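Enquirer: Each chain, letter by letter, is given below.
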Amino acid sequence: MSTSRGRYIYGVASTGCAVSLGGMGIDGSEVYTIPYDSLCAIVHNCSTEPYQSTDEERVKKWVRTHQGVLDEAKKALGTVIPLGFDTILQSKDEVISPDQVVKDWLKGDHARFQTVMERIKGRDEYGVQIFYDPRVIAKQISEENQEIRKIREEMAAKSPGMAYLYKQKVERAVKAEIEKLAGEWFRDFYRRIKDHCDDIVVEKTKKADRNRVMLLNISCLVVRQKVNNLGEELEKTNNTEGFSVHFSGPWPPYSFVAQPTIATPDVKVESNAT
Amino acid sequence: MAIDINEGNLKHGVLGLVMALVEVIRDALKIQALKRIDSGILNEEECERLGKALMDLDLALESIKEEQGIAESVRAVRDGLDDIVDTVIDRIVNPERWQEEINVRS
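From first to last, the protein sequence lines are chains A and B. Under our numbering, think of the first position of the first sequence as 207, with each following residue one higher. Under our numbering, think of the first position of the second sequence as 890, with each following residue one higher.
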């Protein structure tokens, strides 16, 4: 099989020009656009084998290059719908050229691409993670919560064994209280962040470390000019004792573009999106 | 949950697993102990003995973990167990997951 039967697709831009972006692609490949109507796909020629490696550094480098191409494409071509790493279109037979496959794909999904393009135009994705420090929060609760204070006061007068049991009681009560409050915090933070975003996707929270519990993990679609407002809002949270915020971006709006659908049945998409 | 065992980490793996299970049993014991005490069927002296025993158990477990340097692997096993329980509960209480399961299988 020829080595350039596949087209690695970085993303779709809202311009109908055929341009070359130079050898900035994965492993130095030449990145160019394949236009159809008012859209174009940002691609490089590749074999139909997906990019795979057990060498983590190598994969990281590929993903960073993918990201870099999208950044450059955005500067050169305007709004870009990002696709996941390792999205490769290929033709199944010799009759249809790979370029034609890409054009057919753009054609078949034209309306949907236009809708997505409108949605993400002038906007970027930002990642927001809010953490709390269970030690600080537990200390606050055990000082402020009446019921827990009462158990602690009783504990002071107990013999060692009993005092130990009371300590367990306090820990359990504090834990239950944190869980109750976490729900309220989440709703509060979410509402305050929502005011500055066009759209939010709630991601699964991940385990951080023992001194930081992830309370909220979201992706936000934010109008470029409004991102400072969001930053200020998060700064307030970051300055609250016991809480910390991880704010990252701008990212290509991966979370707000659905996965590409296949226009024609004889086209195969290889996707190993990470 | 995959437990990665080779000669180099066999000790950590097995000891960590055993210790994690002991901790889980200890936690269950603690819950029962607190229930007994709240129910009032134990007298003051029995409560004291129970508390003392749990305290000694905790100290013993902590010192074993420290001596053997397995605190991290114990944590890893317990985190793994937590994740499994989370997933199972999530499946049970969210009917939409049942549909997802059916979609995956079909």
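None of these hints come from the bench; they were simulated from the model. Among these hints, one or two may not hold up.
[As the list claims (entries may be wrong)] With a cut-off of at most 25 Å between alpha-carbon atoms, the simulated DMTMM-like pairs for lysine to aspartate or glutamate come out as follows:
#, chain 1, residue 1, chain 2, residue 2
1, A, K412, B, D916
2, A, K413, B, D916
3, A, K386, B, E955
4, B, K900, B, D968
5, A, K413, B, D979
6, A, K381, B, D947
7, A, K375, B, E933
8, A, K412, B, D927
9, A, K386, B, D979
10, A, K373, B, D947
11, A, K280, A, D243
12, A, K280, A, E350
13, A, K410, B, D947
14, A, K412, B, D968
15, A, K386, B, D916
16, A, K432, A, E324
17, B, K924, A, E383
18, A, K386, A, D404
19, A, K413, B, E955
20, A, K400, A, E359
21, A, K375, B, D971
22, A, K280, A, D330
23, A, K381, B, D972
24, A, K413, A, E447
25, A, K375, A, D394
[Said to hold, decoys possible] Label pairs and their in silico Cβ distance ranges:
#, chain 1, residue 1, chain 2, residue 2, range
26, A, K381, B, L931, 35 to 41 Å
27, B, I991, A, G274, 40 to 46 Å
28, B, I991, A, S253, 34 to 40 Å
29, B, D979, A, Y396, 16 to 22 Å
30, A, K327, B, V977, 17 to 23 Å
31, A, K356, B, E934, 35 to 41 Å
32, A, E390, B, L899, 21 to 27 Å
33, A, K381, B, V977, 32 to 38 Å
34, B, I991, A, Y396, 29 to 35 Å
35, B, R994, A, G333, 29 to 35 Å
36, B, V911, A, Q346, 30 to 36 Å
37, B, V911, A, G389, 31 to 37 Å
38, B, E935, A, G333, 49 to 55 Å
Given the structure is predicted, the values throughout are model-derived calculations rather than measurements. Idealized CB from N, CA, C, for every residue including glycine.
Enquirer: All hints, please: hold or fail.
Expert: Hint check:
The straight-line distance between the Cα atoms of A/K412 and B/D916 is roughly 24 Å, inside the 25 Å bound, and the hint therefore holds. Distance check on the hinted pair: A/K413 and B/D916 sit about 21 Å apart at the alpha-carbon level, within 25 Å; holds. For the hint pairing A/K386 with B/E955, the CA-to-CA distance comes to about 33 Å; that exceeds 25 Å, so the pair is violated. Straight-line distance between C-alpha atoms of B/K900 and B/D968 comes to about 19 Å, which keeps the hinted pair within the 25 Å bound.
The hinted pair formed by A/K413 and B/D979 meets the criterion: a straight-line CA distance of about 17 Å does not exceed 25 Å. As the CA atoms of A/K381 and B/D947 are separated by approximately 19 Å, the hinted pair is consistent with the 25 Å bound. Taking the CA atoms of A/K375 and B/E933, the gap is near 17 Å; set against the 25 Å cutoff, the hint holds. Of the supplied pair hints, the one linking A/K412 and B/D927 is violated, its CA atoms being roughly 36 Å apart against a limit of 25 Å.
Proposed proximity of A/K386 and B/D979 is supported: the alpha carbons are some 18 Å apart, at most 25 Å. Between the alpha carbons of A/K373 and B/D947 the distance comes to roughly 13 Å, so the proposed pair stays at or under 25 Å and holds. A threshold of 25 Å between alpha carbons decides the hint, and for A/K280 with A/D243 the separation of about 19 Å falls inside it, so the pair holds. For the hint linking A/K280 to A/E350, the alpha-carbon distance of about 51 Å lies beyond 25 Å, and the restraint is violated.
For the hint linking A/K410 to B/D947, the alpha-carbon distance of about 33 Å lies beyond 25 Å, and the restraint is violated. Of the pairs offered as hints, the one joining A/K412 and B/D968 holds, with about 11 Å between alpha carbons and a cut-off of 25 Å not exceeded. A distance of roughly 21 Å separates the Cα atoms of A/K386 and B/D916; the hinted pair therefore holds under the 25 Å criterion. This hinted pair checks out: A/K432 and A/E324 have alpha carbons roughly 17 Å apart, not beyond 25 Å.
As the CA atoms of B/K924 and A/E383 are separated by approximately 19 Å, the hinted pair is consistent with the 25 Å bound. Pair hint A/K386 plus A/D404 does not hold up; C-alpha atoms about 29 Å apart against a cutoff of 25 Å. Pair hint A/K413 plus B/E955 holds up; C-alpha atoms about 23 Å apart against a cutoff of 25 Å. A distance of roughly 42 Å separates the Cα atoms of A/K400 and A/E359; the hinted pair therefore is violated under the 25 Å criterion.
Between A/K375 and B/D971 the CA atoms are separated by roughly 22 Å; this keeps the pair inside 25 Å, and the hint holds. Taken as a hint, the A/K280 and A/D330 pair is honoured in the structure, with Cα atoms around 11 Å apart against an allowance of 25 Å. The suggested pairing of A/K381 with B/D972 holds, with an alpha-carbon distance near 18 Å, which does not exceed 25 Å. Using a Cα cut-off of 25 Å, the hinted pair A/K413 and A/E447 holds, with the two alpha carbons roughly 21 Å apart.
Distance hint between A/K375 and A/D394 is unfulfilled; the C-alpha atoms sit about 29 Å from each other, more than 25 Å. The hinted range of 35 to 41 Å is not satisfied by A/K381 and B/L931, whose Cβ atoms lie roughly 24 Å apart. For B/I991 and A/G274, the hinted distance range of 40 to 46 Å is satisfied, since their beta carbons lie about 41 Å from each other. For the hinted restraint 34 to 40 Å between B/I991 and A/S253, the CB-CB distance of approximately 37 Å keeps it satisfied.
Evaluation of the 16 to 22 Å hint for B/D979 and A/Y396 yields a pass: the beta carbon distance comes to about 20 Å. Between A/K327 and B/V977 the CB atoms are about 43 Å apart, so this pair departs from the stated range of 17 to 23 Å. A beta carbon spacing of about 24 Å between A/K356 and B/E934 contradicts the range 35 to 41 Å that was offered as a hint. Distance hint check for A/E390 and B/L899: the Cβ-Cβ separation is about 46 Å, which falls outside the suggested range of 21 to 27 Å.
Between A/K381 and B/V977 the Cβ separation comes to about 21 Å, which falls outside the hinted range of 32 to 38 Å. Look at B/I991 against A/Y396: about 30 Å separates their beta carbons, and that is inside 29 to 35 Å. Checked against the hint of 29 to 35 Å, the C-beta distance between B/R994 and A/G333 comes to roughly 33 Å, which is consistent with it. For B/V911 and A/Q346, the Cβ-Cβ distance of about 32 Å falls inside the hinted range of 30 to 36 Å, so the restraint holds.
A hinted range of 31 to 37 Å holds for the C-beta pair B/V911 and A/G389, which are about 32 Å apart. Look at B/E935 against A/G333: about 54 Å separates their beta carbons, and that is inside 49 to 55 Å.
In the structure shown, a violation is registered for the earlier hints numbered 3, 8, 12, 13, 18, 20, 25, 26, 30, 31, 32, 33, in ascending order.
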